[in-house]
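Number of protein chains: 2
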Amino acid sequence: MSSLSGRGQRLVQSPPAAEYLREHFARSPAPHDPALRPDGYIPLCVAENKLMSDLLCPQLGRPRQVPARVLGYDAMIGSWQFREALAGFLPRFLGRAVRPEHLAVLAGAGSVLELLFHVIADPGDAVLVPTPSYAGFWPDLETRDELCIVPVHTSASTGFRLTPELLDSALKSAGRRVRALLFTSPDNPLGRVYSRPELEAVLSWAEHAGIHLVMDEIYALSVFGPQAFVSAASLRPALGERVHVVWAFSKDFAASGLRAGVLVSENAEVLAAVDGLAYWACCSGHTQLVLGEMLSDQAWVEGYVSTMRARLGSAQHAVTRALTASGIPFLPSEAGFFLLVDLRRFLDSPSWDAEARLWRRLVEGANVNLTPGSACRISEPGFMRLCFAAVPEHTATVAVDRLARVLGG
Amino acid sequence: MSSLSGRGQRLVQSPPAAEYLREHFARSPAPHDPALRPDGYIPLCVAENKLMSDLLCPQLGRPRQVPARVLGYDAMIGSWQFREALAGFLPRFLGRAVRPEHLAVLAGAGSVLELLFHVIADPGDAVLVPTPSYAGFWPDLETRDELCIVPVHTSASTGFRLTPELLDSALKSAGRRVRALLFTSPDNPLGRVYSRPELEAVLSWAEHAGIHLVMDEIYALSVFGPQAFVSAASLRPALGERVHVVWAFSKDFAASGLRAGVLVSENAEVLAAVDGLAYWACCSGHTQLVLGEMLSDQAWVEGYVSTMRARLGSAQHAVTRALTASGIPFLPSEAGFFLLVDLRRFLDSPSWDAEARLWRRLVEGANVNLTPGSACRISEPGFMRLCFAAVPEHTATVAVDRLARVLGG
Chain A
5 MSSLSGRGQR LVQSPPAAEY LREHFARSPA PHDPALRPDG YIPLCVAENK
55 LMSDLLCPQL GRPRQVPARV LGYDAMIGSW QFREALAGFL PRFLGRAVRP
105 EHLAVLAGAG SVLELLFHVI ADPGDAVLVP TPSYAGFWPD LETRDELCIV
155 PVHTSASTGF RLTPELLDSA LKSAGRRVRA LLFTSPDNPL GRVYSRPELE
205 AVLSWAEHAG IHLVMDEIYA LSVFGPQAFV SAASLRPALG ERVHVVWAFS
255 KDFAASGLRA GVLVSENAEV LAAVDGLAYW ACCSGHTQLV LGEMLSDQAW
305 VEGYVSTMRA RLGSAQHAVT RALTASGIPF LPSEAGFFLL VDLRRFLDSP
355 SWDAEARLWR RLVEGANVNL TPGSACRISE PGFMRLCFAA VPEHTATVAV
405 DRLARVLGG
Chain B
5 MSSLSGRGQR LVQSPPAAEY LREHFARSPA PHDPALRPDG YIPLCVAENK
55 LMSDLLCPQL GRPRQVPARV LGYDAMIGSW QFREALAGFL PRFLGRAVRP
105 EHLAVLAGAG SVLELLFHVI ADPGDAVLVP TPSYAGFWPD LETRDELCIV
155 PVHTSASTGF RLTPELLDSA LKSAGRRVRA LLFTSPDNPL GRVYSRPELE
205 AVLSWAEHAG IHLVMDEIYA LSVFGPQAFV SAASLRPALG ERVHVVWAFS
255 KDFAASGLRA GVLVSENAEV LAAVDGLAYW ACCSGHTQLV LGEMLSDQAW
305 VEGYVSTMRA RLGSAQHAVT RALTASGIPF LPSEAGFFLL VDLRRFLDSP
355 SWDAEARLWR RLVEGANVNL TPGSACRISE PGFMRLCFAA VPEHTATVAV
405 DRLARVLGG
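Chains as they are written, first to last, in our numbering: chain A, 5 to 413; chain B, 5 to 413.
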């Protein structure tokens, strides 16, 4: 008899992490270094902003008075002090006041999504996710929560535009009880900032359908284009029972390793149910202290955000210039850490197998890892997500040169 | 239609946290203060060591160089650097060498238990837990993992001694597939240090039964009596496939709020399966850095551990002296943060209802919260766990005076 449970064996046989991520972890020990390892691995497949550590590390490392309460158990959904600091900070992008009692802090946005969907949907229930999409939603919702994501495919020919008709069609054809629509704004992987009318259409549709709308606004501050971010939280006088916002420090504060995610919800029952599970996904009290102090320094936050936007814009500009020079088509972005490259013309056939072969050829030939479009559930093969902020600006252009060499060869 | 899922509604209707914990959170905002609130709440129901913050807070708060890697994703089961630091530290109580690749770090011991049991047992499977027991095992194993704990009751008349016959009987009468025995050493709530022959009997029994033995050794260093701690990990040349050790910083480093728990296992499949779920229960990278640096300062660790033991011993002595003076019987302890008080003679009848009434009378009359024996699944009513390290030494004696007043009234 195996020493594992049935579900344990399934985790080993079919790990929740996709192949491109396992390849990432396998190659990470030998990264690119201009002097020491010029042919080293360049990971452009993980949505991290690696451009901000000079501002952030001193914040984490500076001396501070640590109160004894930080050592002990506190509220499982985050200390009141930290939620107060968040309530002072979040309005800058939510576009509305928020109360500490409407916040829950957990060990990262992944944990927030996992627990939120646990308490609003039962095993087998469906959740609508427009595509192209963040690849991680599938493990977040399907692995432990046992939900079924119904993708709402938009198509390249329309510029990946979501319409109410597409949502209607997905709702009708789901074949299961649909409990929620999960919508990401700014968009991942498109790097698009949605306008107020676009968000209004999504919110109205969800209200009419009578389902939860979970807004993933994790890139709210990471906007470098001219279009200003609008939060879905700002569209109504109140969030109500069925609109929830997910945010985290991982993207806008370039700190995925600190595991600090936030749920904004006015639904007291949802918060109570999440609280019941929060013990198994708690955020470190010390990390809460450090991040709370950081947020409370408004002048520092202002400087940080404007520097971040400038660096993201510069990095995006450098990589798009390199892509253009190399003849690799792409969809420009205005937010987030990434853009989609359009490699359809480099496929040997218009198939998912051909995309997988191309991805493999790029990772082996260029030692550059892109997120394959299949992981983002894009409606047609040949697109890949390129995270330009995951490495220094110069490294991203080295990666594009390598990709071009393999694609041209 | 409720905005919650069925499982979400169950979490709201039957919160995983027991009544005494909900009472604890309700009363915590008005704690005892000798000068400002002499009648304030005294929580002796949560196993925390509050006696060490003068040594620990400066460690957390001192300035340090934070490497950029701390900001980013790292291994979901803990950074290699932190696991190396742990591998250097853990042998001091495990009594054997341990390799970093046999360690997984998660957001607290609760998360370690929850994920470990997920991958070694399926919904409906049984796990044997000797009683008196840590109350939290029930939510840890039953809430998300959907396992069924089969208590192995020991009785007060034998000094709560576990025997192979009791284990045999529980295994036979379980009526379900039994996947594991979960054993706590040093004991919670008895505060007893198990001898090598006692551990050998438990390990041999589990080997013979062919089930996992999960050793909760979370109080390994918190020993203040003359009997030295022995780890079950030291009994065999190798841990093998079915012995796993759980440890954390919460007890021995008085830091339950930092959410850093450790799994020690030589079972590669168990570790791989846990890795597959670890993303939803990650330990903060910054907290890993801080704790890793702390462990690496061996002189500091030596001083910390000897001070901790002296303070625990002193606190236990103060509270047992007060209990004796007040005529409240108790079972002396030699490890952990607690002891059992024997309130059987104060029950108005030998029933669980009477115990609940007595607990309520104490919390309302004395504003002192003890862990009722029912939560520890003790085999007969009337015992309660008293955590003497959860408050300053003087406060614990104030609590005993208040308890004595209510019991005598």
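Note that these hints are calculated values from the structure, not bench results. Hints may contain errors.
Stated by the list, open to error - Taking CB as the label site, the calculated pair distances span:
(1) A:G10 - B:S330: 35 to 43 Å
(2) B:P95 - A:A30: 52 to 60 Å
(3) A:P67 - B:K176: 23 to 31 Å
(4) A:A178 - B:G128: 38 to 46 Å
(5) B:S18 - A:E384: 54 to 62 Å
(6) A:R41 - B:G128: 49 to 57 Å
(7) A:A30 - B:Q231: 42 to 50 Å
(8) A:E150 - B:G92: 34 to 42 Å
Glycine included, C-beta positions come from ideal geometry on N, C-alpha and C.
Now the hints, each set against the structure:
{"no.": "1", "hint": "A:G10 - B:S330: 35 to 43 Å", "verdict": "53 Å, violated"}
{"no.": "2", "hint": "B:P95 - A:A30: 52 to 60 Å", "verdict": "30 Å, violated"}
{"no.": "3", "hint": "A:P67 - B:K176: 23 to 31 Å", "verdict": "59 Å, violated"}
{"no.": "4", "hint": "A:A178 - B:G128: 38 to 46 Å", "verdict": "29 Å, violated"}
{"no.": "5", "hint": "B:S18 - A:E384: 54 to 62 Å", "verdict": "47 Å, violated"}
{"no.": "6", "hint": "A:R41 - B:G128: 49 to 57 Å", "verdict": "51 Å, holds"}
{"no.": "7", "hint": "A:A30 - B:Q231: 42 to 50 Å", "verdict": "47 Å, holds"}
{"no.": "8", "hint": "A:E150 - B:G92: 34 to 42 Å", "verdict": "40 Å, holds"}
In summary, the numbered hints that this structure violates are 1, 2, 3, 4, 5.
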